[in-house]
Amino acid sequence: DTEVTQTPKHLVMGMTNKKSLKCEQHMGHRAMYWYKQKAKKPPELMFVYSYEKLSINESVPSRFSPECPNSSLLNLHLHALQPEDSALYLCASSQEATGYNQPQHFGDGTRLSIL
Amino acid sequence: SQKIEQNSEALNIQEGKTATLTCNYTNYSPAYLQWYRQDPGRGPVFLLLIRENEKEKRKERLKVTFDTTLKQSLFHITASQPADSATYLCALDELGGGFKTIFGAGTRLFVKA
Numbered sequence: 039d040t041e042v043t044q045t046p047k048h049l050v051m052g053m054t055n056k057k058s059l060k061c062e063q064h065m066g067h068r069a070m071y072w073y074k075q076k077a078k079k080p081p082e083l084m085f086v087y088s089y090e091k092l093s094i095n096e097s098v099p100s101r102f103s104p105e106c107p108n109s110s111l112l113n114l115h116l117h118a119l120q121p122e123d124s125a126l127y128l129c130a131s132s133q134e135a136t137g138y139n140q141p142q143h144f145g146d147g148t149r150l151s152i153l
Numbered sequence: 002s003q004k005i006e007q008n009s010e011a012l013n014i015q016e017g018k019t020a021t022l023t024c025n026y027t028n029y030s031p032a033y034l035q036w037y038r039q040d041p042g043r044g045p046v047f048l049l050l051i052r053e054n055e056k057e058k059r060k061e062r063l064k065v066t067f068d069t070t071l072k073q074s075l076f077h078i079t080a081s082q083p084a085d086s087a088t089y090l091c092a093l094d095e096l097g098g099g100f101k102t103i104f105g106a107g108t109r110l111f112v113k114a
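Each protein sequence line maps, in turn, to chains A and B. Just remember that the numbering used here sits 38 ahead of the position in the first sequence, which is counted from 1. Just remember that the numbering used here sits 1 ahead of the position in the second sequence, which is counted from 1.
Excised from the complex, chain B in its bound form:
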C-alpha cells in the first residue's frame, strides 16, 4: 500500500523567511496530491491540490511542486508569518476499492516573530 513520509516532525523558522516542507511517497504515483493545514483542536483545512501533470501550483504566498520522478512534493510558504504556525499535512489518493485519501503524519511549523 501507499506510504507517505513528511520528513520533518517540526520546523522552526524566523518570520519573513521561506518555509519548505517535504512530502515523499512510495509505490505508485498518485493522480494528485493535496496539502492541508491543521490548527490545534480544529479539522484540516484544504490549501492546494496539484495534479500529476502539473509541475507547480501557486496560491498567494503558497507554492507546491510535484516531482513524479523523485516521488516528492515540496510545499513552500514565502514571507512566513507567526500566523502560519500550524501543522501541515500532505495527502494523496490510494487506489483500491474506490479512491480514498491517505494523509501523512504532518509537519509542525513554528514561525517566530
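The following block holds chain A by itself, in its conformation from the complex:
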C-alpha cells in the first residue's frame, strides 16, 4: 500500500464532462505534485504546490485546474478534456519542495480515458 492515496483509480469521461481527481497524504509533507504519464513515457510534471500555494505550473492547459484545499489534500479539476489527455495521472508528495534531499512519494495514479 502507498502512503499517497488517489481516487478514483479509473475514470472514463466524455469531452464535455466535468470531473475531479483527488489525492490525499497524511505524512505531514508540505509539497504536493501532479504528474501526467503516457504509456512507456516518464512522468511529466504538471503542477507543484508548496505550503498550499501553487509554485510551479508547467504551462498546463486551463482545462486542468489544480486546487489544494489543505496541506493533506490535492485536487485536479477536469473540464472539456481532449482524447490526447488520456493518461495516468500521478500525485506525489515530499517533505519540502526545495529540491535538495527530497524523494517523492507517489500514489498509484488515476487512469483517465477520454471518449
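Since the hints were derived computationally from the structure, they do not count as laboratory data. Among the hints, a few may not be true.
Stated by the list, open to error - DSS-like, lysine-lysine: derived pairs with alpha carbons at most 30 Å apart:
no., chain 1, residue 1, chain 2, residue 2
1, A, Lys47, B, Lys101
2, A, Lys47, B, Lys18
3, B, Lys101, A, Lys91
4, A, Lys47, A, Lys79
5, A, Lys74, B, Lys18
6, B, Lys4, A, Lys74
7, B, Lys72, A, Lys79
8, A, Lys79, B, Lys113
9, A, Lys47, A, Lys76
10, B, Lys4, A, Lys76
11, A, Lys74, B, Lys72
12, A, Lys47, A, Lys74
13, A, Lys56, B, Lys101
14, A, Lys74, A, Lys91
15, B, Lys72, A, Lys76
16, B, Lys113, B, Lys64
17, A, Lys91, B, Lys60
18, A, Lys91, B, Lys4
19, B, Lys72, A, Lys78
20, A, Lys60, A, Lys47
21, B, Lys64, A, Lys78
22, A, Lys74, B, Lys101
23, A, Lys47, A, Lys78
24, B, Lys113, A, Lys56
25, A, Lys79, B, Lys56
26, B, Lys113, A, Lys76
27, B, Lys4, B, Lys72
28, A, Lys60, B, Lys113
29, B, Lys4, A, Lys78
30, B, Lys56, B, Lys18
31, B, Lys113, B, Lys18
32, A, Lys57, B, Lys101
33, B, Lys113, A, Lys78
34, A, Lys79, B, Lys18
35, A, Lys78, B, Lys18
As the list claims (entries may be wrong) - Over 12 Å on every C-beta distance to chain B, these chain A residues come out as not near it, computed from the model:
no., residue
36, Glu105
37, Asp123
38, Ser124
Beta carbons are placed, not taken as given, at the ideal position from N, Cα and C, and that holds for glycine.
The hints should help you fit chain B onto chain A, whose structure is shown.
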C-alpha cells in the same frame, strides 16, 4: 534545459547476475540524482538518492554511483531476482523557477529465472 538519457529501453538478464542500468544527463550537474522503481499500473517508488559530493550509495542489493565528470549515474542490482523485474527511472533536479524533478524514460528490466 536538462536532458536525461537512459541508454537501454530494455535489459534482459539471468537470475543471480548483476543488472547495471545507466543514466546520462546533459548540461549542468544536478545537486542530486534519484532512482525510482515503477511496476505496471503503479506509481514510481523511491529507491535511492545520491548527492553530487557522494561517489557511491548502497542499500541492500542496490548500489548507485554518480560521476559528475562523465555526467553519469550507474544503478546496480546484485544477485538479481525475477521480483526485480520492473521499470527503473532516473530522476534529477532542474533549476529554474524553483526546483523541479525531471525523469528519464526508464529502463525496463526483465530478470529470467
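Evaluated hints:
1. A:Lys47 / B:Lys101: holds, 26 Å
2. A:Lys47 / B:Lys18: violated, 36 Å
3. B:Lys101 / A:Lys91: holds, 15 Å
4. A:Lys47 / A:Lys79: holds, 19 Å
5. A:Lys74 / B:Lys18: violated, 34 Å
6. B:Lys4 / A:Lys74: holds, 18 Å
7. B:Lys72 / A:Lys79: Holds. B:Lys72 to A:Lys79 sits at ~22 Å (cutoff 30 Å).
8. A:Lys79 / B:Lys113: holds, 24 Å
9. A:Lys47 / A:Lys76: holds, 16 Å
10. B:Lys4 / A:Lys76: OK: B:Lys4 and A:Lys76 at ~18 Å, within 30 Å.
11. A:Lys74 / B:Lys72: holds, 27 Å
12. A:Lys47 / A:Lys74: Given pair A:Lys47, A:Lys74 holds - Cα atoms ~14 Å apart, limit 30 Å.
13. A:Lys56 / B:Lys101: Status holds; Cα separation ~29 Å.
14. A:Lys74 / A:Lys91: holds, 20 Å
15. B:Lys72 / A:Lys76: holds, 27 Å
16. B:Lys113 / B:Lys64: holds, 21 Å
17. A:Lys91 / B:Lys60: Outside the cut-off at roughly 35 Å; violated.
18. A:Lys91 / B:Lys4: Distance of about 28 Å is within 30 Å: holds.
19. B:Lys72 / A:Lys78: holds, 24 Å
20. A:Lys60 / A:Lys47: Holds, at roughly 10 Å.
21. B:Lys64 / A:Lys78: Distance ~25 Å between B:Lys64 and A:Lys78 Cα, so the pair holds.
22. A:Lys74 / B:Lys101: At roughly 14 Å apart (the allowed maximum being 30 Å), B:Lys101 and A:Lys74 satisfy the hint.
23. A:Lys47 / A:Lys78: The hint holds at about 19 Å.
24. B:Lys113 / A:Lys56: violated, 45 Å
25. A:Lys79 / B:Lys56: holds, 28 Å
26. B:Lys113 / A:Lys76: holds, 27 Å
27. B:Lys4 / B:Lys72: Distance of about 11 Å is within 30 Å: holds.
28. A:Lys60 / B:Lys113: violated, 38 Å
29. B:Lys4 / A:Lys78: With a Cα-Cα distance of about 17 Å, the restraint between B:Lys4 and A:Lys78 holds, given a limit of 30 Å.
30. B:Lys56 / B:Lys18: Between B:Lys56 and B:Lys18 the Cα gap is close to 23 Å, so the pair holds against 30 Å.
31. B:Lys113 / B:Lys18: holds, 10 Å
32. A:Lys57 / B:Lys101: holds, 27 Å
33. B:Lys113 / A:Lys78: Since the Cα atoms of B:Lys113 and A:Lys78 sit roughly 21 Å apart, the hinted pair holds (cutoff 30 Å).
34. A:Lys79 / B:Lys18: holds, 27 Å
35. A:Lys78 / B:Lys18: holds, 25 Å
36. Glu105: Given a closest Cβ separation of 19 Å, the condition holds.
37. Asp123: Given that every Cβ of chain B is farther than 12 Å from that of A:Asp123, nearest at about 19 Å, it holds.
38. Ser124: The claim holds: A:Ser124 sits with its nearest Cβ about 15 Å from chain B, beyond 12 Å.
Of the hints listed earlier, those the structure fails to meet are numbers 2, 5, 17, 24, 28, in rising order.
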